[in-house]
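Enquirer: So the chains spell out like this:
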Amino acid sequence: MSLSVCPSCSRHVRERACPFCGASVAREKTITLPRVSRIALVGAAAAAAVTSIAACSSPQALYGCVCPPPDGGTDAHVDAIATFYGGVPVDAATTDATDATTEDAPTDATTDATDAGEE
Amino acid sequence: MTLGDRPRSLPIAPTALPAKRRLPLADDVRPQDAVRPIYAVWEITLACDLACRHCGSRAGRARPDELSTEECLDLVRQMQELGVFEVTLIGGEAYLRDDWVDIAREVRKRGMQCTMTTGGRGLTKERALAAKEAGIQSVSVSVDGLRETHDMQRGVKGSFDAAMVAFDNLREAKIPVAANTQINKVNLREIPAVFDLLASKKIHGWQFQLTTAMGRAGDEKELLLEPWQVLDVIPMLAEVKKKADAAKVRFFPGNNIGYYGPYEAILRASFPGKHRGTCGAGRSTLGIEADGSIKGCPSLPTADYTGGNIRDASLKDIWERSAALRFTRDQKASDLSGFCKTCYYAEECKAGCNWTTHVLFGRIGDNPYCYHRASTLKEERDVRETIRKTADAPGLPFDYGRFEIVEEPWPH
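Line order of the protein sequences matches chains A and B.
For the first sequence, the working numbering gives the first residue as 256, with consecutive numbering after it.
For the second sequence, the working numbering gives the first residue as 25, with consecutive numbering after it.
Bound-form chain B, shown alone (with noise of 0.2 Å):
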């Protein structure tokens, strides 16, 4: 499957709105409060070197006001005080910034741990030595499909070649290799070779996770799968998992890859009970932008999920009161609507994937990229849903559109 031209007129890569700045926080810290991050992910930059046609943060260009040097290790030691335990770096392109390195080495020399994650295109041998120099101990690579499939979802020729070359350099700069995969309507049936590819780069892990119509991937809508083919994804996946054991490559279901259903303890046979658990956006994950901008989780968007600027607060102070940050710690089954509130799993989910419903409708808890729901809709009513768009979105970072659910008699 081929995608046709950008549906988007130039230019691809907007210039970002300056930080939202100065936003309320709650007087007062109550005991939900009290949970610390175990996770961060940083966005140290929007300038990116690729021009990727799912990227949901629609990054090319650095933002107008990313956070100096200073500011940034200043952070980094408000994250270690909150207790964060892995800070990962990401853009854009972290690399594209030119104190990448200093800001690895300051997490490093805090105690935390430190990854990257990579498009690749640039990660040359200099730059993976720096790497390894700073004290980075992972770097995930960014591999779509195979070398035209990627290709075609990267906006570049030869960004396929490129990230094999990075695995490459890191690989001799001594930095473990791990790798991550969108999976979508392109690349769906290229899935499996994807995964033989990217073992035989001896990845220690493999994170994937479906395309979600934030930003450019909104835009996109003949990449999205539609919700129905989750029960082609699962099963897909739940063979690729015996690959991966038998490679001895961590499996690393996304937060939007699921939910339960028969393959669920197959696909998190790792995980804390088998199963993924609620969104963890605000409790166990922190998202950081490269302005400064505090978020529960990176991929949320940012109109809507900015808990405030650590330019204005301190990161504490943003975590433990600020209503975007606070959100699931207040999330309740009963809060749900549609399919997810009346679900079997409904305490347990949440309906999943906080980020991937609320690009689709502007609200949370009600998710249809679910297999048990999928499953359960065929089983019971001979249904499936499909998505439809009815609203564009503006054309910034991490911004959305507007879709909903159809529901149409499965073809017989």
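Okay, chain A solo, but in the shape it has when bound (with noise of 0.2 Å):
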């Protein structure tokens, strides 16, 4: 079963009344997404919080995935998205932020768009 956050204290937790506090608890849509790079997965959850994406058809946690990938394979349980060693993600935005002459961005979907800081 998927979390939702409490209203009250934050927490999440997977029951209509929060066992911390007892405040009432909206149980939030279950949501599949599509196997993405990472800062699609970042990106897309936003949205995916109210609109779930039409490709997919068989419901799964939210970070789930039910889509197959290009290679037939599947992608169940792909929720970690950050590692120790790893670079912070770049989008299609930042980059092409910084140079808008980059022919072969990323195409990643993102709801954010960072600002990469034009000087």
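Bear in mind the hints are in silico, worked out from the structure with no lab data behind them.
Note that the Cβ used here is the ideal one computed from N, Cα and C, for glycine as well.
Incorrect hints may appear among the rest.
[As the list claims (entries may be wrong)] Using C-beta positions, here's what the derived DEER-type ranges look like:
1) B:Pro-42 x A:Pro-262: 54 to 60 Å
2) A:Gly-277 x B:Glu-246: 40 to 46 Å
3) A:Pro-262 x B:Ala-347: 21 to 27 Å
4) B:Asp-359 x A:Cys-264: 24 to 30 Å
Hey, can you piece these two chains together into the complex? The hints should help.
Expert: Here it is as structure tokens:
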């Protein structure tokens, strides 16, 4: 069962009544995401909270994946998107803001148009 | 706070052992092994121009058997075929390898994203331009404190100033810049100021993580936070998050920052479900060492988590059929121990970062570096946890010693 954030104590809970503070918790819609890059996964999260990904057909946990990748494999439980040595993911908005001439910038969708900081 | 002399005598940078070879692979591929990595972190050389006191890989000297250029380019092909979306080049220091630009160019040519993480000491204008030419899309510079604190941890005077120059060189070359920061006892109080500094360098994202007891960091007990200190760290980071939002800097908690509690939804507001998932080693993440050793996560200890070597088997076979790459695919909440076994979040968390736990205790499944755990212990039993070292590490890249958890009353 997916977790929702308690509006009162801000903890993640799975029940309709928060076991930590007793407040009523609205269940968030269970969403599925396709197999995407880290930045797309992060960027899509906000949108996914209100809109399901149309191409996915069977419900699963929010961060799970039911859309097969191009090679036909599956990606259940692709849910951890950060590692210690890894860099911060980069998105098209970031790249484009810095170099408008980049033709092969990442094409991952993102809802967060991070300003790369024009000088 | 300052650090004393290095606890381990020379050599600071040991010569790595030759790669483990001809490791066993399972005969069959199970349905859960069809999962594919989205993200690969690749140590292309262990050579380094810094001498960081927290370095988990004890970097400095190149490995004795690092992959050739041809082997690297073939590995890029195999990563593409396996379905990797994004490759981060690390070291040691990636740019110390003569063909680092060729490797980056091949990653981009094959349609994958390419980023790099660097200490920045030698990231000159020329190297920044070369990175741009190769198609590297972002470079994350490691900054672990303000000038004095950073230099103390990095082991080289002037490394802070060099990192600042690296930011400037990268931006001049029109490469988006990010930053990554360790959080530990030495720099804890400086973190908000470090963020302000990084924001002034116009970073697009900031990744941060707790210094973990691997390699040299395991030698330096005074660097390591006590588990109860997450009760200070997490709220502090939530405050910094407000500044990050205002500065439009993407906030990216590392996998050992957490877990749950009232700040999780703030720290991971942009993550699916506004919370961390379970360890992605061997599912979403792939780690590669410069000698072709394949792991599920770049941080995991080499001795315990190398699934195979690319010189012996294909990447696909190692990914699908090695026990070391499979372990999180089979990890269950019922496998946990201690506090984590009975935790409310056991199923969703599975004891957080397996790397952090393994290098402390030699096993996974009970992670004291957790906000929910520390706050629960404080509220319900008025106790807190510290760690005590019981054995030194042997002194090899990606090694670890042994610690134990000690419970004590909260001081009043």
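Enquirer: Given the range 54 to 60 Å, decide if the beta-carbon distance of B:Pro-42 to A:Pro-262 lies inside it.
Expert: Given range 54 to 60 Å: holds, Cβ gap about 56 Å.
Enquirer: For the hint 24 to 30 Å, verify it against the beta carbon of B:Asp-359 and that of A:Cys-264.
Expert: Given a distance of about 29 Å, which is inside 24 to 30 Å, the answer is holds.
Enquirer: At the C-beta level, are A:Gly-277 and B:Glu-246 separated by a distance inside 40 to 46 Å?
Expert: holds (43 Å)
Enquirer: Do the beta carbons of A:Pro-262 and B:Ala-347 sit within 21 to 27 Å of each other?
Expert: About 44 Å separates the Cβ atoms of A:Pro-262 and B:Ala-347, which means 21 to 27 Å is violated.
In terms of the numbered hints stated before, the structure departs from hint 3 and from no other.
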